[in-house]
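*Asks:* These protein sequences, in sequence, are chains A and B. With the first letter of the first sequence counted as 1, position 239 gets the number 239 in the UniProt record's numbering; the numbers rise by one all the way through. With the first letter of the second sequence counted as 1, position 103 gets the number 103 in the UniProt record's numbering; the numbers rise by one all the way through.
Treat the hints with care, since some could be wrong.
[Said to hold, decoys possible] With the C-beta cut set under 8 Å, the calculated list includes, among others, these residues of chain A facing chain B:
1) 147
2) 254
3) 256
4) 257
5) 274
6) 338
7) 421
8) 488
9) 499
10) 510
11) 511
12) 520
13) 539
What the hints contain is simulated information worked out from the structure, not anything from laboratory work. C-beta atoms are modelled at their ideal positions from N, C-alpha and C, and glycine is treated no differently.
These are the residues of each chain, in order.
Number of protein chains: 2
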Amino acid sequence: MARKNILFIMCDQLRFDYLGCAGHPSIKTPNIDALAARGVQFSNAYCQSPICGPSRMSVYTGRYVSSNGAHSNFAPLRIGERNIGHHLNPLGVRTVLVGKTHMKPDTEGMQRLGIDPESDIGVNHAQAGFEAYERDDGIHPDTMVRPGLPYNEYLKSKGYGEDSNPWHWAANSVETEQGVRSGFFNDRVDLAARVSDEDSETPYMTRRAMDFLAEDDGETPWLLHLSYIKPHWPYVAPAPYNDMYSADDVIPAVKSDAELEDTNPLMKHFMERVAGKTFGRDEAREKVIPVYMGLITQIDDQLGILFDFMQQRDLLENTMIVFTSDHGDYMGDHWMGDKDYFHNPSVKVPLIISDPQSEADATRGTTDASLVELIDLLPTFVEYYGGEIPYNILEGRSLLPKLHGDTPEWRDFVISEYDYSCQVFRPETGKEPLECRSYMVATKDWKYVHAPGYPPVLFDLKNDPDEMTDLGRNPDHEDIRQSMFKRLGNWSLHYRQRETWSEPHNIKMTGMEEKLGVLIGYWDENDAKGKDPKILPRRKPNTTT
Amino acid sequence: MARKNILFIMCDQLRFDYLGCAGHPSIKTPNIDALAARGVQFSNAYCQSPICGPSRMSVYTGRYVSSNGAHSNFAPLRIGERNIGHHLNPLGVRTVLVGKTHMKPDTEGMQRLGIDPESDIGVNHAQAGFEAYERDDGIHPDTMVRPGLPYNEYLKSKGYGEDSNPWHWAANSVETEQGVRSGFFNDRVDLAARVSDEDSETPYMTRRAMDFLAEDDGETPWLLHLSYIKPHWPYVAPAPYNDMYSADDVIPAVKSDAELEDTNPLMKHFMERVAGKTFGRDEAREKVIPVYMGLITQIDDQLGILFDFMQQRDLLENTMIVFTSDHGDYMGDHWMGDKDYFHNPSVKVPLIISDPQSEADATRGTTDASLVELIDLLPTFVEYYGGEIPYNILEGRSLLPKLHGDTPEWRDFVISEYDYSCQVFRPETGKEPLECRSYMVATKDWKYVHAPGYPPVLFDLKNDPDEMTDLGRNPDHEDIRQSMFKRLGNWSLHYRQRETWSEPHNIKMTGMEEKLGVLIGYWDENDAKGKDPKILPRRKPNTTT
C-alpha cells in the first residue's frame with residue numbers, strides 16, 4: 001500500500017475571507033487558490049474557540065474546549081487528555097511539529113501522577129503529541145522570550161544581534177525617523193520590518209519544514225504540522241510585503257452605527273477594549289490591513305516554494321494537504337479588533353483539504369458549505385490513516401466521506417466557546433472566573449450566543465448575513481431563541497468524559513452482570529427460562545440447588 | 001487544636017424512608033435515630049446516579065457523573081481524576097476504607113502514562129484515595145469472586161468451608177427442604193442465612209472497623225469510610241433478622257394501574273425488567289421487604305456496638321459521623337424493582353450528619369429540607385478539616401454552614417444522571433451506548449427527566465408527591481417542561497473540566513498578557529496612558545523607542 005502523509009498547515013489569525021479563492025477582491029494567494037482547485041474548500045468551517053490556545057487544544061485533542069478543559073491561553077491541557085500523537089502514532093504515523101502549538105504542560109498533574117517531565121511520556125504531553133522538530137509559539141515579548149529560541153539564534157547568526165531579542169526588535173519592529181519602533185504599536189506598521197524577507201518568520205519556518213522533509217526516509221508515514229504565527233500581530237512585514245497592498249485594497253468595515261446603540265453588554269466590553277477602539281478607526285484599518293494582507297501573500301509565496309520542493313521529491317502525490325487557521329481577526333468589523341467574540345470574522349476559519357487519493361477526484365475544485373468544526377480534523381486524519389475513530393473521545397466527524405463525494409448525515413449546527421475570565425475587563429463584569437462562560441451555537445440560518453448573566457445575542461444569518469442586528473432581546477424572536485438555547489442545551493447534555501470505555505467495549509458490557517451470574521430481582525428459575533442456563537447460580541460441584 | 005476525625009458510614013441500597021427517624025411506621029433503628037437526634041437529618045438528599053458504581057465515584061471525586069466520566073458499574077474512573085485522598089491527605093488526614101467502594105482502576109490510562117499500578121500513586125488511584133484497611137465490594141458471585149477474599153477466608157476459618165465461595169453459599173444462601181438455595185433467587189429469602197449473625201457480613205465489617213479504631217494512635221486525624229454492602233441484594237439475613245419483621249410491616253407499594261397505561265417508553269423498559277416483574281407482585285414484596293428491614297435493623301444494632309466502642313475510647317467527642325446510602329431501592333414502588341431510574345425511592349438517600357463541634361449545637365436534632373447532593377460531602381469534609389475548597393474541581397457545596405446554623409445561598413434544584421447503556425434492554429432501544437443518557441433535574445416542586453430519544457417525564461411534586469402521574473406529554477405543562485429543561489441546560493453549560501487552573505490562579509491571570517507586554521491593538525503610547533509604564537515595549541538598555 002502506498003505510503004500516506006499529511007501536511008497540516010495552520011496559519012494564526014487568518015480570516016476565512018482573506019484568500020483569493022474565498023472571494024477577496026484583491027488579495028493575491030495563487031498557491032492557496034491552486035490548492036483549493038485540486039481539493040475541497042469548506043466555506044463554513046468554525047473554530048471551537050476564537051482564541052489561539054483553546055482553539056488549538058481543541059484541534060490537537062479533537063474535543064470541545066469544555067470537554068478538554070483548556071479554556072484560556074496558557075491554561076495547561078491536563079495530563080491524561082489524549083492528543084494527536086496518542087491517536088496517530090499507534091497507526092505507525094510520526095506526528096511532527098514545525099512552529100506553534102501554544103501547548104502548556106500540566107506540570108502539577110505530572111507531579112501528582114509521578115510522571116517525569118523529561119520522559120517520553122512527559123515530553124509527548126508537553127508537545128501536544130508532536131515530535132517538536134522546531135517548536136516556536138510565535139509571540140516573544142521581552143518579558144517572555146525563551147532563552148535560546150532557535151529563531152532568535154538564527155537571527156543573531158544572520159547579523160541581527162544588536163538586541164538580545166531580535167524576534168521583537170528586528171523581525172517585529174520597524175525603523176522610523178525617531179528610531180526603532182516596536183510592532184506592538186500599530187501606527188507605523190506600514191514600514192518594513194527590520195529583517196529581510198528571507199530572514200523573517202514565515203520563510204524561516206518554511207525552510208525548517210523543508211529541512212524535515214529533506215530527511216524523509218521515504219517509508220515512515222508522517223503528519224507534518226506546519227504552524228505559522230503570521231498573520232497574527234505584530235502586524236509587521238518585511239519588504240516587499242509591507243507595502244505590497246495599500247488603503248485601496250481595504251474593504252470597508254462591516255459595521256454600523258446601530259451596533260453602538262443598546263449594545264449587548266458583554267459584546268460592548270469587547271468593543272471597548274483597546275483593540276476595539278483602535279480598529280474602530282478607519283485610519284488604523286487603512287494602516288494595518290494592507291500589512292495583514294502582505295503577510296498573507298508572503299505565506300502564499302512560501303507555500304509555493306514548499307509545494308515545489310515537495311513536488312520535486314514526489315511527496316505531493318501521497319500527501320494530503322490541509323490548510324486552515326486557528327481563528328480569525330475582526331480587523332474593525334463590528335467595531336472590534338483582534339478576536340475572542342463570535343462574529344464570523346473571528347470565529348470562522350479557512351479550511352482547504354486536498355486528498356491526493358483517487359477517491360477524492362470527484363470533488364476536486366468544489367466548495368462544500370457543510371457546517372464544519374475544526375475538531376473534525378483529527379477524526380479525518382485517523383480515518384485517512386486507516387484507524388478506528390474512538391467516538392467516546394473524539395467529538396468531531398471525519399470529513400473523508402465528503403472529500404470522496406459521499407453525503408453522510410451531518411450536523412446542523414456548530415459550536416464555539418469562549419472563556420473571558422482572563423480579559424482585562426473581567427473585574428468590571430463582577431464575575432468570578434468560573435462564571436465567565438460564553439457559548440455560540442450557529443445553524444445555517446441563525447447564530448445564538450449564550451453568556452450566563454448577560455442577555456443572549458441572536459443573528460438572523462439568512463436576512464442579516466453581516467450580523468449587524470442583534471435580535472437577542474427582540475420580543476418577536478423569543479421562540480427562535482428558545483429553540484437555539486435548546487440546541488445548545490442538547491449539545492451540552494452529552495457524555496464527554498466517558499473515556500475509559502470505548503463504544504465497542506460498552507457494547508460488550510451490555511447485560512454483562514447477568515451473564516456473570518448477578519441475577520437482579522429473580523424470583524425463581526422461571527425467571528431464567530429462555531436464558532443461558534449457565535447464568536443460574538450453581539453450587540460446586542454442579543448441583544442445581 | 002483538638003484532633004478531628006470523620007466516621008463516614010455508607011450503606012448500599014438503603015431507601016431514604018426506611019429508618020425510624022425518617023418516619024417508617026415500624027422499622028426499629030434506635031441507634032440511627034439517636035444519631036439523628038444529635039445531628040441533622042437532611043430529608044432531601046439525592047445521589048448523583050441511582051446505581052452503585054457511578055454514585056460512589058461521584059461521592060469520592062465530589063463531581064457529577066458526566067464530569068468524572070465513570071458512567072457505569074465497572075467503568076474505570078480515569079487516572080487523573082482527583083479522589084478523596086487527593087483532597088484530604090494534604091490536610092494531614094488519613095483516608096481509610098473498610099468495605100465497598102466499587103472503584104475500578106484505569107489500567108489502560110496508567111499504562112499510557114507510565115504509572116506502575118503497584119506504586120503508591122497507582123494504589124491510591126485503584127483504591128479511590130483510601131488506604132484499603134479492608135476492601136470488599138460486597139457482591140461475589142462464583143464467576144467473579146476474588147480469590148483470597150478476606151471475608152471468605154474468615155468464613156472458612158469459622159467452619160463454613162464446604163464451598164469455595166462461602167460468601168455466596170453460606171452468608172447469602174438459605175437452607176430449604178430441597179437443599180441449599182442461592183439468595184439470588186428471592187422466593188425463599190424469608191429463611192435464615194446459613195451463617196450466624198456474628199459471622200454475617202455487617203457484623204464482620206463492623207468488627208474490622210473496630211480493629212482499625214483500636215489501632216488509632218490518638219494523634220493522626222482520620223476519615224474512616226465504613227461502607228456496608230447491606231441491605232443491597234441478595235436479600236438474605238441471618239437469624240434473628242430474617243423473620244424479625246413480617247408481611248404486617250410491609251407498607252403498600254406506591255404504584256397505580258394508571259402508571260401502566262401509556263407509560264413513558266424508557267420507564268417501561270425498567271418496569272419490564274425481571275426485577276420489575278418480580279417486585280410488581282405483592283407476594284414478592286411481602287417475602288423480601290421484611291428481610292430488607294431485618295438487614296437494616298442489623299446494621300443499626302451493629303452501629304450501636306460501634307458507637308459504644310468509640311464512646312469507650314473517647315472517639316465520639318471528636319468524630320463527625322455521617323450516615324448515608326449510595327442510592328435507594330424501588331421495592332415494587334412504581335412497578336419497579338432494584339434502582340436505576342429516578343423516582344424518589346431510588347434516587348433519594350438518607351443523610352444524617354452529626355458534627356461534635358460546639359458550633360453545631362444549635363442544629364442538633366433538626367431536619368434540614370434543603371436540596372442536597374451527595375457531592376456535597378467531599379467539600380464538607382474539606383472544610384471540616386480546614387482546607388480550601390477548590391471550586392474548579394469539587395462541584396458540590398459544603399454543608400458545614402448548615403450544620404452550624406447558617407443559611408447560605410443554596411441551590412434550588414438537584415441533578416442525577418443515569419447511563420442505561422449496560423442495561424439488558426439496550427438492544428431493544430436501538431441506541432448506541434453514547435446515546436443512552438438520562439438526566440433528572442428536580443426542584444422542590446417539580447421533577448423532570450430528560451432522556452434523548454424519549455419523551456420527557458414530569459412530576460408535580462407539590463400536588464403529586466408520590467410521583468404517580470407523568471405530565472411529560474401533557475399539553476398543559478409545556479411551559480414548565482421548557483423551564484425545567486432550561487434549568488438542566490444551564491446546569492450543563494458549565495466549565496467542569498478546567499482542572500489545571502484554580503479560581504485564585506485564574507484571577508491572577510486576568511489581564512496577564514498585557515502585564516507581560518503583549519499589547520493587543522495598541523495604536524501608540526496614548527493607548528498606554530494610565531497604565532503601568534512598565535508594559536510599554538522597551539529596547540534594551542531601556543530606550544523608549
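*Asks:* Does each hint hold? Answer for all of them.
*Replies:* We went through each hint and held it up to the structure:
1. For residue 147 of chain A, the interface hint is violated, the least distance from its beta-carbon to any beta-carbon of chain B being 14 Å, above 8 Å.
2. Given the 8 Å rule on beta carbons, the hint for residue 254 of chain A is violated: about 17 Å separates it from the nearest Cβ of chain B.
3. Of the supplied interface hints, the one on residue 256 of chain A is violated, with its beta-carbon coming no nearer than about 21 Å to a beta-carbon of chain B, more than 8 Å.
4. For residue 257 of chain A, the suggested interface contact is broken, since its CB lies about 21 Å from the closest CB of chain B, more than 8 Å.
5. Residue-level restraint check for residue 274 of chain A holds (minimum Cβ-Cβ distance to chain B is 5 Å; threshold 8 Å).
6. About 5 Å separates the beta-carbon of residue 338 of chain A from the nearest beta-carbon of chain B, less than 8 Å, and the hint is met.
7. Contact between residue 421 of chain A and chain B, as hinted, is supported at the beta carbon level, the nearest pair being about 5 Å apart and thus within 8 Å.
8. Against a cut-off of 8 Å between C-beta atoms, the interface hint on residue 488 of chain A holds, since the closest Cβ of chain B lies about 7 Å away.
9. Checking residue 499 of chain A against chain B by beta carbon gives a least distance of about 6 Å; that is within 8 Å, so the hint holds.
10. Because the smallest distance between the Cβ of residue 510 of chain A and any Cβ of chain B comes to about 5 Å, under 8 Å, the interface hint for this residue holds.
11. Residue-level restraint check for residue 511 of chain A holds (minimum Cβ-Cβ distance to chain B is 4 Å; threshold 8 Å).
12. Interface hint status for residue 520 of chain A: upheld, as the beta-carbon distance to the closest one in chain B is roughly 5 Å, under 8 Å.
13. Interface hint at residue 539 of chain A: satisfied, since its Cβ lies 6 Å from the closest Cβ of chain B, which is below the 8 Å cut-off.
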